[in-house]
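Chemist: At position 281 of the sequence shown (counting the first as 1) the number is 281 in the numbering used here, and the numbers step up by one without a gap.
Hint data in this document are derived by calculation from the structure and do not stem from the laboratory.
For each residue, glycine too, the CB sits at the ideal point set by N, CA and C.
There may be inaccurate statements among the hints.
As the list claims (entries may be wrong) - Simulated pairs of lysine-lysine, DSSO-like, Cα-Cα distance not exceeding 30 Å:
hint, residue 1, residue 2
1, Lys-110, Lys-167
2, Lys-102, Lys-68
3, Lys-102, Lys-141
4, Lys-239, Lys-210
5, Lys-141, Lys-210
6, Lys-267, Lys-110
7, Lys-68, Lys-110
8, Lys-167, Lys-141
9, Lys-296, Lys-68
10, Lys-213, Lys-239
11, Lys-310, Lys-267
12, Lys-296, Lys-210
Stated by the list, open to error - Ranges between beta-carbon positions, derived for each pair:
hint, residue 1, residue 2, range
13, Glu-168, Ala-137, 18 to 24 Å
14, Trp-104, Gly-128, 21 to 27 Å
15, Lys-210, Thr-292, 40 to 46 Å
16, Phe-72, Ala-137, 36 to 42 Å
17, Trp-104, Leu-263, 36 to 42 Å
18, Lys-267, Gly-60, 26 to 32 Å
19, Pro-134, Lys-267, 40 to 46 Å
20, Ser-289, Gly-116, 28 to 34 Å
21, Glu-188, Glu-140, 14 to 20 Å
22, Lys-210, Ser-59, 26 to 32 Å
23, Pro-243, Glu-168, 25 to 31 Å
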Amino acid sequence: MARQSTSSCDTIGLTRRCFLVGAAASVALSSNVRVLLGRDDGPLAELAGEVGVTTSSFSGHLVANLKKPGQFTLLELPRILRDELDMRVIDLNTSSLGRVDKAWLDQVRKAVDDAGCVLTNLKMNQGGLDMNSPDAAVREKALAEYRGSIDAAAHLGIPYVRPLPLKERPDMAIHVSSYRALADYGAERGVKLLVENYGWMESDPQSVPKLVKAIDRDVAATPDTGNWENDDVRYAGLKAAFPHAVSCDFKARTLGPNGEHALYDLKRCFEAGWECGFRGPWCLEHAHSDRTQLFKDLIVLRDQLRGWMKAAGA
1 MARQSTSSCD TIGLTRRCFL VGAAASVALS SNVRVLLGRD DGPLAELAGE VGVTTSSFSG
61 HLVANLKKPG QFTLLELPRI LRDELDMRVI DLNTSSLGRV DKAWLDQVRK AVDDAGCVLT
121 NLKMNQGGLD MNSPDAAVRE KALAEYRGSI DAAAHLGIPY VRPLPLKERP DMAIHVSSYR
181 ALADYGAERG VKLLVENYGW MESDPQSVPK LVKAIDRDVA ATPDTGNWEN DDVRYAGLKA
241 AFPHAVSCDF KARTLGPNGE HALYDLKRCF EAGWECGFRG PWCLEHAHSD RTQLFKDLIV
301 LRDQLRGWMK AAGA
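Using the sequences provided together with the hints, build the complete structure.
Modeler: Right under this line is the structure:
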């Protein structure tokens, strides 16, 4: 699909004036969508119609210490997202966040606020943790690490966190119990839990709604369009997950010269969410080793989503 361009704002070198015009339009769109749907989807409801980016998309470019030309830090990301990509929604993960001391968190929050951006959730991607272990000590180690991430999210004003699913299917009684323990801890701090289709969940199209219903409190879904075993599972799984969604990892792999995506149908993924009443935020997850090409790809994906929403009557 060819990139759509409807205004002088639609460039990588976006000016602050154009950003503010776009932000105002997004707010109006959000309000209209909420009235249309007659519902409140929680802390992210005001981001209906928004397209954002997951920080994992900037792998190799987003670094703690600058070593190569073109790299940038987390403190620079909000301004870059706003000025160069005309977006303001940041889906953060623990790898990108790095430190969790309050001095650092205060710097991150200030950079986000100063740029007029917003943090939607913190993906807790710490490796080597198992909150499903039958060993109480192993399980408690994982929960303690996750509680620390929930504290960081609360300090940053992030409304959601997502524990990392493992590859092996867990003992569901232990898994649900651990999720509930984190949900209770988060509820005291204004942070809710997310379920994402990853690992053991990718082969079961009902895995997301079943887990959300089993946890049964302070939890929602964040469907990932790419994390499915095959297309049969993908589209059925997205239709099952989106009614529970407050955000979406809109994942794309390699793009063709005109924005084609051969691996699976991105528009069909969008339609699965839209038909369920999901309106965003749609957080792009797409990587490329070349920063210039990455930003071009993200703009193509951004414009596709905005075009599909407009065509759908948003």
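Chemist: Which numbered conditions among the earlier hints are violated in the structure presented, ordered from lowest to highest?
Modeler: 1, 6, 12
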